[in-house]
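K.L.:
For reference, the chains in residue letters:
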Amino acid sequence: MRRLRGWLIRALSPVCQLRSDADIDAELESHLELHVADNIRAGMPPDEARRRARLALGGFERTKDEYRDQRGLPVFDTIARDIRHAVRLLRKSPGFTLTAVAILGLGIGANAAIFSMVNAVVLRPLPFRDPSRILHIWHTPPPQQFPGVSRFAVSPANYLDWRAQSTAFEHLAIYGGRAANLTGRGEPDALQGIAVSGEFFDALGATPLVGRLLGPADDDIAHAHVVVLGERIWKTRFGSDPAIVGQSIALNGEPYTVVGVLPHDQRFPLRGDVWLPLAWTAEQRAVRGNHNYLVIGRLKPDADVARGQTELSTISQRLERQYPAYDKGWGALAVPLQQDLVRDARWGLLVLLGAVACVLLIACANLANLLLARVLGRSREIAIRAAVGASRMRIVQQLLVESTLLSVAGGGVGLIAASWGVRLIVKSFGDALPRAGEVTLDGRVLAFTCVMTIATGLLAGVAPAWRMTRGDAGDALKQGMGRGGSHAGEKRVRTALVTAEVALALILLVGAGLLTRTLWKLHAVDPGIDPHNVVTMAVILPRVQYPKPEQRVRFADDMLRRVRALPGVASAATIDSLPVEGGGSTQPVAVEGEVPRPLSEQPEMAVRTITPGYVATVRMRVLEGRDFSDADRENRPLAVLVSAATARRFWGTASPIGKHLTLGLISDDPREVVGVVSDVKVHGLDASDVQAIYVPYAQAGGFGEMLLVRAAGAPMSVVPAVVGAIRSIEPGQPVVNIQTMDEVIGDSIAQQRFAMLLLSAFAALALVLAAIGIYGVLSYGVRQRVQEIGIRMALGAGATDVVHMILVDGLKPTVVGLVIGLAGSAALGQVLSTLVFGVTPHDVTTFAAVSILLFAVGLIASLVPAYRATRVDPLLALRAD
Amino acid sequence: MGETGDVWRGTLALMILKTLEALGPQHGYGIARRIEQTSGDRLVVHYGTLYPALLKLEQEGYISSDWGVSENNRRARFYTLTRAGRKELARESSEWVRTTEIVARFLDPERA
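Top line first, the protein sequences correspond to chains A and B.
The numbering of the first sequence is the numbering used here, which starts it at 1 and goes up by one.
The numbering of the second sequence is the numbering used here, which starts it at 1001 and goes up by one.
Pulled out of the complex, with its shape left as it was, chain A reads as follows:
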């Protein structure tokens, strides 16, 4: 306690002191007087008395110093003094200071920006009550039918059984998408509705912004016409009017009463605009074989994820035995919601975080080199300080204070850079990241940046400080001004730093190179369709107004007839989900002639519902048989088209024309294969599975919400006329998600492009920093060796010899760094394997290309100082000193 008080008083000494300097002087003076008086009393002559007294007091000044030191905490005092000293020094060399701050600012800024993304996407807890207790629950499909698929949507009947039989969950809720066309208020809009079971918001633990959320009482067909608005829609469509609660709005042509507003950050799933009660009919509740919903659960306080998982697995095994026709091979998977939401983004972000860490390390090495050069230039000053009694610790402390001061300035610059870097990233790539809207520089990012800044400063200062403590003061004093300590040891440190920079830069370049190749490969993938001049839009018919398939078919016929008649339109058709984009229906298929199997054991593949004219609109090719025609209607024989891959799978080399297959989810009637069409990347550019079956719209219940229009010229120019044609049939019909097919394909690889662009930016930064590093070390080396070079030239060495000598100095660390970097890249290849497509992580071309690039940059960075060395005037060089 007392000791603490002592420390406190000492720490506070800058503001209030127990002893002033005058006090100390006076006390020691009186001490001397007392001693002198004593000595005189003992019989000494006055002179002798004073001399003895002074002697006994020891060095008067030193005693005073030690007395003063006890007043405060010497470390604080000297740090303050060091900071003042460092600021003076740094202001004297603004070029060095600006370079160092800029290098660190870029390094720290890149780290802060990427960390703030990791923070928002991976680390920050979801904005719900006890978010760690919320689980996302999936079906695991039978592996032989869905190889490589680990998560699958859930069927209503299975969910109801899980809910009835499990005990680990406080709430188990289910939700699914439901079209919600908003009409009656300005421009009609197709909102993304989320139909939720009664316990949905309790399971999430969400809190309303206004009004209330949905509860179990709402999940009933009798009272289901209530809706919760998402905050965004509430703002954009209803002017943030709180009085909207209690009012009625028209969704899908029916009145719904608004009961509340859900805050934007609590919207779940993220795509939702409005939330409606699920309100299943008895018929819908009984569906077991169709997986269209997702399940969330809130664990009881005493249950953990493992218990929830075990319980659901047990129940699922029971269901497999009970309903083998539907449930054979279908298991359950419970994953914490947060983990589930970011699972795809997680790897990419961690790779980026590793990349920026590399950039920062390179920046550190660069700064260490710059500091080392400075410190060696000051070795005489430091040697003098050591000679007059400064301890090693004090000198080390001074150097670390200097480097930390630089890194703090760099950290400040970095935060500014990060704040608009983050804005740029979110603006450019927001769609490729879940929860991207929540990326901000919060307290955690600031803390991370502070820690990183201090660590950077210390790390960069360590090498020069370590070097100095090993220097011999006398040695440095003997040497010429500003040229002390050019030992082999020092050169080794500098070379090692450059080698490390080159190695790290190479690793980054390899990563960027692999992702660039990936993107090239993805761009080069033939999607199987011709996307140019095609525009796509969603025309979602409200089921309330068009309950019967015939009505929807009639609407589509009418719409297509009017759109095709428009000037500038070459062709038009509909499909239920766009190619390449991913998603869309996969269904079990039974082929005629094979042993009948239950739905759950049948192979699954993409099934697409199209109107006649689709094949021509996207320019697929009919390889065999015929295309659909307007004659393939409800009351005609059932027809299907199969893709070439599907034909090969089921019938090998034999012709499939005239063969039959059954799509059990639509009906049990066999359908005749009338044609074979070319393969299309239905599941995305990077998916190898191109098996697909096409069904005519009129024979599949009229599912087909995406309208594709091939224009004669610029595709977007026909949009107003197309929308007008649709509205002429149904004035309140929303037309949304208007995009060219090129954009759809571009968006499908947005995440890869995002990773590639960022990684390339960081690799470029690393390359520049490494070049600066090589250049800096060499030009410093040349300056140090001016005399030696002068002597060599005086003795007859030509310019080539000098260039050769300097180049070898520069290229040796470059080559060693290259080799280390290549080994490191090969070791890290596995990390990137999830992000690359079409290239192996050990792609020789990439490795060779980036090595050549880095070597070339190293060569250029070395040539400038080498050239300068040839300009050394031997006479001047020898006369120096």
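Calculated from the structure, these hints are not laboratory results.
The structure displayed is predicted, hence computed values, not measured ones.
The beta carbon of each residue, even a glycine, is placed where N, CA and C say it ideally should be.
There may be inaccurate statements among the hints.
[Unchecked claim] Here are some of the chain B residues that sit facing chain A, going by a computed Cβ distance under 7 Å: (1) G1028; (2) G1048; (3) Y1051; (4) E1060; (5) G1061; (6) F1078; (7) K1087.
[What the hints assert, rightly or not] Far from chain B by the CB rule (all over 12 Å, computed), these chain A residues: (8) V75; (9) L160; (10) D161; (11) Q165; (12) V245; (13) E254; (14) R318; (15) G593.
Assemble the complex: chain A is given as a structure, and chain B must be docked to it using the hints.
P.N.:
Chain B only, in chain A's frame:
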């Protein structure tokens, strides 16, 4: 320790407290002389350590100080033991006695 040794680190504080207890308020010079005399001039108090030690004790609240006038009419800073200082002295002394006793037993087991 040689014939005239340095005061051990750590024991100086104890000696200062004991001196102030015995003499009452005293200035730095007086404290130093007293310690040297008590040791039979076998100890030398370095003033470079004495004054920081006094300040440290004051910072920790064991002693207080103020300017006063010495016996021969000179201005000097006088140090006074505080209550906390008295307690600390009692504690430290008994601790010291115990320690020396134990060390003595080690050095001369016969006596135990």
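K.L.:
Could you run down the list of hints and mark each one as holding or not?
P.N.:
Consistency of the hints with the structure:
Hint status for G1028(B) relative to chain A: holds, with the closest Cβ pair at about 6 Å, below 7 Å. Satisfaction of the interface hint for G1048(B) is found here, the shortest Cβ-Cβ separation to chain A being roughly 4 Å, below the 7 Å cut-off. At about 4 Å, the closest approach between the beta carbon of Y1051(B) and any beta carbon in chain A falls short of 7 Å, and the interface hint on this residue holds. At about 4 Å, the closest approach between the beta carbon of E1060(B) and any beta carbon in chain A falls short of 7 Å, and the interface hint on this residue holds.
Interface hint at G1061(B): satisfied, since its Cβ lies 6 Å from the closest Cβ of chain A, which is below the 7 Å cut-off. Below 7 Å, beta-carbon pairs count as interface contacts, and F1078(B) has none with chain A, the closest being about 10 Å; its hint is therefore violated. Checking K1087(B) against chain A: minimum C-beta separation of about 10 Å lies over 7 Å; hint violated. Listed as a non-interface residue, V75(A) keeps its Cβ farther than 12 Å from every Cβ of chain B; the least gap is roughly 16 Å.
Taking the minimum C-beta to C-beta distance to chain B, about 74 Å, the non-interface status of L160(A) holds against the 12 Å cut. With a minimum CB-CB distance of about 73 Å to chain B, D161(A) clears the 12 Å threshold, and the non-interface call stands. Non-interface call for Q165(A) relative to chain B: holds, since the shortest CB-CB distance, roughly 70 Å, exceeds 12 Å. Listed as a non-interface residue, V245(A) keeps its Cβ farther than 12 Å from every Cβ of chain B; the least gap is roughly 65 Å.
Here E254(A) stays apart from chain B, with its beta-carbon at least about 81 Å from theirs, past the 12 Å limit. Here R318(A) stays apart from chain B, with its beta-carbon at least about 74 Å from theirs, past the 12 Å limit. Every CB of chain B is more than 12 Å from the CB of G593(A) (nearest about 98 Å), matching its label as outside the interface.
In summary, the structure is inconsistent with hints 6, 7 from the numbered list given earlier, while agreeing with the others.
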